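All chains, full assembly: derive it from the sequences and hints.
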Amino acid sequence: MNKWKMREIVVMSVLSVVFAVVYLAFLPVGKLLVGFFGPIGYDLIFGIWFIVSIIAAYIIRKPGAAFLSETIAAIIEVMLGNAVGPMLIISGMIQGLGAEAVFAVTRYRMYNVWVLMAAGMGSAVFSFVWGYFLSGYAALASPYVAAMFIARLISGAVIAGLLGKAISDALAKTGVLYNFELGKEHRRNKHGAA
Amino acid sequence: MNLQELNPSMKAITIVLAVFLLAFVFDPITPLLFSSGVVILTFLFGRVSWKIWSLYFVPFLIIAFGFFWTTLIFADTGSQAGTIVDLGFLTFSHSDFQVAISLALRVLGFALLSLLFILTTNKTEFLLSLMQQLKLSPKIAYGVLAGYRFLPMMMTEWKAIRMAHRIRGVRRGKGISGRVQEMKRYVIPLLASAIRKAERTAIAMESKGFTGSKERTFYRNMKVTPKDWVFLGVMLSLYGVSVYCSVRWGYFQWYDGQL
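Residue numbers (numbering that gives the first Met the number 0), protein chains in the order written: chain A, 0 to 193; chain P, 0 to 258.
The hints are simulated quantities; they were obtained by calculation from the structure and are not laboratory data.
Bear in mind the structure is a predicted one, so any value in this text is a computation, not a measurement.
Careful: at least some of the hints might be erroneous.
[Stated by the list, open to error] Here are the computed lysine-lysine pairs in the DSSO-like style, where the Cα-Cα straight-line distance is at most 30 Å:
1. K2/A - K207/P
2. K30/A - K207/P
3. K2/A - K196/P
4. K4/A - K213/P
5. K158/P - K61/A
[Stated by the list, open to error] Residues of chain A placed beyond 10 Å of chain P at every Cβ, according to the derived structure:
6. I44
7. V112
8. F148
9. I149
10. V157
11. E184
Built from N, CA and C at the ideal position, the CB exists for glycine as well.
This is the structure we're talking about:
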């Protein structure tokens, strides 16, 4: 934690706050989908709930960014008062760990689109294992569970990985990330091209 | 005793523990009894308003129902033997029905436990307690508190961006790609200004001497009192009684990757 600059921590918290609101806004969407499709409804859009890990890690590029941002987002969700409660903090930590594991494998050096998608899938795997235990998915038929898993993997790769990267890159273009790793990379690329 | 007076960290740990314990059991009776106890505790000691509670609870009823019917249809029980449960237009084997109702009640049990926590906990106290009892780094905790205070500002900002677009005649997006473009026009400026503000806040915090060291003192001290242990004890006994009744009535079943 000592290697982190205060600005990185506050920016990460703010990102987590913004996405905590987004996460809460997507809960009713998920509930609606669950009402129609059963438990698989959540998995279709599950990637949205991993997105802050990807964005924070991609922008800040320090060990712990994926884990901490997701954990903070979960704490904020609890503070804002959602009904999943303190359990959600543990779910957030587990999702964050999934993404963090992927970044750790690359030793926090590679942040290309494939790594980001893999990180989204990492969160999907971790959160699915957790959900399997907690929600009693085992009571469902195995093809259905497999479909849920695949839906969540794709959702993690596309919504968290690709959309997360797109949002971060668009932010870097505005110049506000001047002091962050992603902003530096964008500047280097610009100068390289010119 | 009042649930509001409990230490937030201890309360959170108790709730999480209860969720864990409940997750190990898979029968209809244990969660039913346990949840009823939780609801009674919430209203007896929580000073929670019925209206707010219901507002949070209704969505979970819908989820539980979603779980219920998909489990009925997709349940993996293998054996079709057993009594038939007749729902008028559909029939199911008795074991399928029991699995479905167990799963639904379990989801409701988790939700009720969470409601007890959320509706009786002060946010700032929760964070202070995370720092003081669970040794969350002050750097993160105050970073989060600062970020949390940004929310109302961002709401204002969102309105300002919307009005700025309108007054310049930017049309609302049509179709899916139009909607995506519209979202992008809102989200990126909103995030960009939030990041700028966050950087300024960080500089302000450091210039006022915030080091983030763990040896800081607090204006508000959060303490763990005997009340917290009483609450833990009450929840554990409630669980014990629920399991005991379930065993006595012959419903009890462990959760071991059922069926």
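If we take the beta carbon of F148/A, is the closest beta carbon in chain P still more than 10 Å away? 14 Å, holds
Check the non-interface label on I44/A: least C-beta distance to chain P beyond 10 Å or not. Answer for I44/A: holds, closest chain P Cβ roughly 15 Å.
10 Å Cβ clearance of E184/A from chain P: 16 Å, holds
Is K30/A within 30 Å of K207/P, Cα to Cα? 45 Å, violated
Can we trust that V157/A is non-interface, i.e. its beta-carbon lies farther than 10 Å from all of chain P? 14 Å, holds
Agreement of K158/P and K61/A with the hint, judged by alpha carbon distance not exceeding 30 Å: 34 Å, violated
Would you say V112/A is clear of chain P, with no C-beta pair closer than or equal to 10 Å? Per Cβ check, V112/A is outside 10 Å of chain P; nearest 19 Å; holds.
For the pair we were handed, K4/A and K213/P, check the Cα-Cα distance against 30 Å. Status holds; Cα separation ~16 Å.
Would the hint linking K2/A and K196/P be met if the CA-CA limit is 30 Å? 22 Å, holds
Decide, holds or violated, for the assertion that all CB atoms of chain P are farther than 10 Å from the CB of I149/A. Holds: least Cβ distance 16 Å, greater than 10 Å.
K2/A and K207/P: Cα distance at most 30 Å? Distance ~20 Å between K2/A and K207/P Cα, so the pair holds.
Comparing the model with each earlier hint shows violations of hints 2, 5; every other hint is respected.
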